[in-house]
Amino acid sequence: MNNNASILTIKNLTMRFGGLVAVSDFNLELREGMIAGLIGPNGSGKTTVFNVVTGFYKPTQGQIFLGNHEITRLTPDRITALGLTRIFQNSRVFRDLSVFDNVMVGHHMRMLSSPIPAIIRTPMYRKHDEVARERTLWLLEQLGLIQYVNEIAGSLPYGLQRKLEVARALATQPKVLLLDEPATGLTAEEKDEMIDFILRVREDFKLTIWLIEHHMRVVMGICEEITVLNYGKTIARGTPAEIQSNKAVIDAYLGEG
Amino acid sequence: MFRRPSKTTVLTLAAMVVLLAFSVWAEHGLDPYIIRILNMWCIYTILVASFNLIYGITGQFSLAHAGLAAIGAYTVSLLTLSPEAKQLSFLLAPPSPLIANVQWPLLPALLLGGVLAALIGFVIGAPALRLHGDYLLIVTLGFSEIIRLILVNLSSVTNGAMGLKGVPYLSSLTWTIGAAIVALTVIRRLITSSYGRALMCIREDEIAAEALGVNLFRHKTIAFVFSSFFVGIAGGLYAEILGTVDPNTFRPALTYAVITMAILGGIRSLTGGAIAAGIYTVMSELLRTVEAPQMIFGWDYPGLPGLRQLFFATMLLLLILFARKGLMGSKEFSWDWLFSRSKSSDSKGSERSHEQ
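Chains A and B, in that order, give the protein sequences. Quick note on the working numbering: the first sequence kicks off at 7 and runs consecutively. Quick note on the working numbering: the second sequence kicks off at 11 and runs consecutively.
There could be a bad hint or two in this list.
As the list claims (entries may be wrong) - Sample of chain A residues facing chain B (criterion: CB under 7 Å; computed from the structure):
#1 M117
#2 P121
#3 A124
#4 I125
Think of the hints as simulated: they come from the structure by calculation, not from any bench. It should be emphasised that the depicted structure is a prediction, and the values quoted were computed from it without experimental measurement. Cβ coordinates follow ideal geometry from the N, Cα and C atoms, glycine included.
Isolated chain A (complex conformation) (with noise of 0.2 Å):
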């Protein structure tokens, strides 16, 4: 699988704001099909290379590209666009909007078609239409969620919602998806049920995952790959096992000393 070309490359990434680094010549390649985590203590910088790569912020300095395309400062419906998606830290699922619209929501930029066509409900309008119905019941099924389909998103118990997130991003058919933090907040048991639906959507929709994680048992669980960042440095990089004995990784979360 390491064999595979590489998806996501970032170079020599750099964030600053006003005269604080947040990130400093972050570097990074992941290939297709990989499962990769970035840890550090807290205000590490992690969520902020996360809002970078998916064009919420424009980078000081550096490259991202996906595939080929250079997606560096590109706003973030471009990016999703081009295959690479999120979920977010804490649940943005649309709590008004039932889960179905949710998820359909993730289907319309692909619909091709301007607004009046829609109020028209031209024949095309119409097909695209229920393409996307039809994707949305299928993803919903796959995902376990079919059984809420009419219910309002903000009514879910937490972790179906973080779940639903997940089926909404893929509706948007990524090639790449950015998780971050999936299983905070969640309970022992959901905490397992969120690392076996992570692989399993990984499998099932041939996707290449990076994640941000607190959780170690998570991280050490799934990731073939984790990058350690403190005070917005990359200050490890290697599989779980390499990590979990590299000396400046233990003084990062255990303080030196």
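Please build the complex by placing chain B on the supplied structure of chain A, with the hints as guidance.
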């Protein structure tokens, strides 16, 4: 592939036909005063529906309604006034050659009014919709006032503060009801399309919407342009009904009236808005008496102009404090709901699902 229309579609179409037939009869069968009230009801319905689209559905609080309505009103007035009437009424400066000799029928004039309002809406929206919350509010209110001030000062086109008088009455109740039906249908179909879903997601959470591939700027602009188009149409009909336009008609108070109606009806409900527009129009006529001088038990009440506004302001305050969802919240009137009502209480649970 012909799809058999559903029962509710047939009923809706039938209701539209009945309404239009009623309007044809009413034009001669009803008192002109009543017709005027019905006309205003339709115009307010369009204004409220377009406000619902931009605020209730898309979540962008815009205060540009009055200015955009002015664009429609002036366009229709200038295009339908006869060249002679323009020569006579332009006292401050002779009418600009651009508009001095044109005279159009109502339909193209109305459509151009809508298109110009949509165009100005785009020009306002493009920079303003990048702002959020209070900033968007201030900028759109500012733009609305700028439009009004331009109308005051562009004497050779607008006749300045004197306004335009004697706008020919080419419309009728059929026109206003027809326009309201078209506006509600188009906005409803936009809302229930995949675009409408994207707009609601922007309202719920812009960041998540963007991460799901929704281009924020494009979608907000689409909502704003559609909204502005119908505001322009409503403004044009307003000029037709009043027979006169002047810049003072389009002060922010008009926008506030629309917002009051929208909140009364429920900001996400088009049918709620239509009902609220009716209530507002009728009440504002009934309340005329409280402003008029009269004898109350031997006391000579001089009349207090502005008392109606005070009443509506109090109502708005109470709504926001105690009934934020208004009459309908985000629900729409539906035939299923009506039937489940008339079939008494055997299906209580179905009331939740009467969207569409």
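For each hint, the structure was consulted:
1. M117: The hint holds - M117(A) has a Cβ within 7 Å of chain B, the shortest such distance being about 6 Å.
2. P121: holds (5 Å)
3. A124: Holds, because the Cβ-Cβ distance from A124(A) to chain B comes to roughly 4 Å (cut-off 7 Å).
4. I125: holds (5 Å)
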